[in-house]
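Top line first, the protein sequences correspond to chains F and R.
If you use our numbering, the first sequence corresponds to residues 1 to 127, in order.
If you use our numbering, the second sequence corresponds to residues 1 to 127, in order.
The reader is advised that the hints may include incorrect statements.
Stated by the list, open to error - Capping the alpha-carbon separation at 30 Å, the derived lysine-lysine pairs in DSSO-like fashion look like this: (1) F:K8 / R:K8; (2) R:K103 / F:K60; (3) F:K8 / R:K103.
As the list claims (entries may be wrong) - Residues from chain R that face chain F, not an exhaustive set, calculated with beta carbons under 10 Å: (4) V2; (5) T61; (6) L65; (7) F73; (8) S98; (9) C99; (10) Y101; (11) N106; (12) S114.
By construction, these hints were calculated from the structure, which means they are not laboratory data.
Heads up, the beta-carbon is just placed ideally off N, CA and C, and yes, glycines get one too.
Protein chains: 2
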Amino acid sequence: MVELDFEKMGGLIPAIVQDDASGDVLMLAYMNAAAFQATLNTGHATFYSRSRNELWVKGKTSGHLQIVKDVYFDCDQDAILVRVDQIGGAACHTGYRSCFYRKIDNDGVHIMGSPVFDPREVYKSND
Amino acid sequence: MVELDFEKMGGLIPAIVQDDASGDVLMLAYMNAAAFQATLNTGHATFYSRSRNELWVKGKTSGHLQIVKDVYFDCDQDAILVRVDQIGGAACHTGYRSCFYRKIDNDGVHIMGSPVFDPREVYKSND
């Protein structure tokens, strides 16, 4: 098994989540070693919440799970790419499909697209 | 102008680089505020090298610059997505198109694809 470099960031490694069908980048979150193993073992993208200090099965509250298709790691073994099927069509707790729904250039900030769902109807708590 | 959260990670923010044409995720690197501004101002993806402790214009040595098409930031304002045209066809210093050229599953590690170039012929130093 590969040795990922969790030490560079104090036990965490950044994980990019990409929609397997569209190629859209949905979000970036962090995994510790337990979250990485849970992702491989369960097939549901699992992260470590830096704000709640606990393992976080993405979509456990909302039902918007991320079904793992493939997991890649990078040349330095300090970043992960997870390709997923996004249940419910949106990854962001704001209701947008991708967390990266705002574009920035020298003219300012531009919101791209529209929310897929109303977060007040989907979440009991933020996941 | 948007206030990105550089403080959460001691002055750095993770930046995902995605090929604008194919949608392939090419690499993950880090920007400080100066690298972010340079990226917007010059149109060349610019990072902060954690190993060399300096600004790093991706491809400056190899000629494999990343021409910025669009820059996005995420809901928490603590991650960036840069869509680029990858000059030279490969982002990884190993010669692979993407730094994420290794897939992992419960069977082990699988190398995907082949190097696009021979790094010994392209690099004087690693960028």
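Hints, one by one, checked against the model:
The straight-line distance between the Cα atoms of K8 of chain F and K8 of chain R is roughly 15 Å, inside the 30 Å bound, and the hint therefore holds. Straight-line distance between C-alpha atoms of K103 of chain R and K60 of chain F comes to about 25 Å, which keeps the hinted pair within the 30 Å bound. Between the alpha carbons of K8 of chain F and K103 of chain R the distance comes to roughly 21 Å, so the proposed pair stays at or under 30 Å and holds. Contact between V2 of chain R and chain F, as hinted, is supported at the beta carbon level, the nearest pair being about 5 Å apart and thus within 10 Å.
Violation of the interface hint for T61 of chain R is found here, the shortest Cβ-Cβ separation to chain F being roughly 16 Å, above the 10 Å cut-off. Hint status for L65 of chain R: violated, given a least beta-carbon distance of 19 Å to chain F, over 10 Å. Checking F73 of chain R against chain F: minimum C-beta separation of about 6 Å stays under 10 Å; hint holds. With a least beta-carbon distance of about 8 Å to chain F, the hint placing S98 of chain R at the interface is held under the 10 Å criterion.
Below 10 Å, beta-carbon pairs count as interface contacts, and C99 of chain R has one with chain F at about 4 Å; its hint therefore holds. A distance limit of 10 Å between C-beta atoms decides the matter here; for Y101 of chain R the minimum to chain F is near 7 Å, and the interface restraint holds. The closest approach between the C-beta of N106 of chain R and any C-beta of chain F is roughly 6 Å, which is under the 10 Å cut-off, so the hint is satisfied. Interface restraint check for S114 of chain R: the shortest CB-CB distance to chain F comes to about 15 Å, outside 10 Å, so the restraint is violated.
Going down the numbered hints, you'll see the structure goes against 5, 6, 12, while the others check out.
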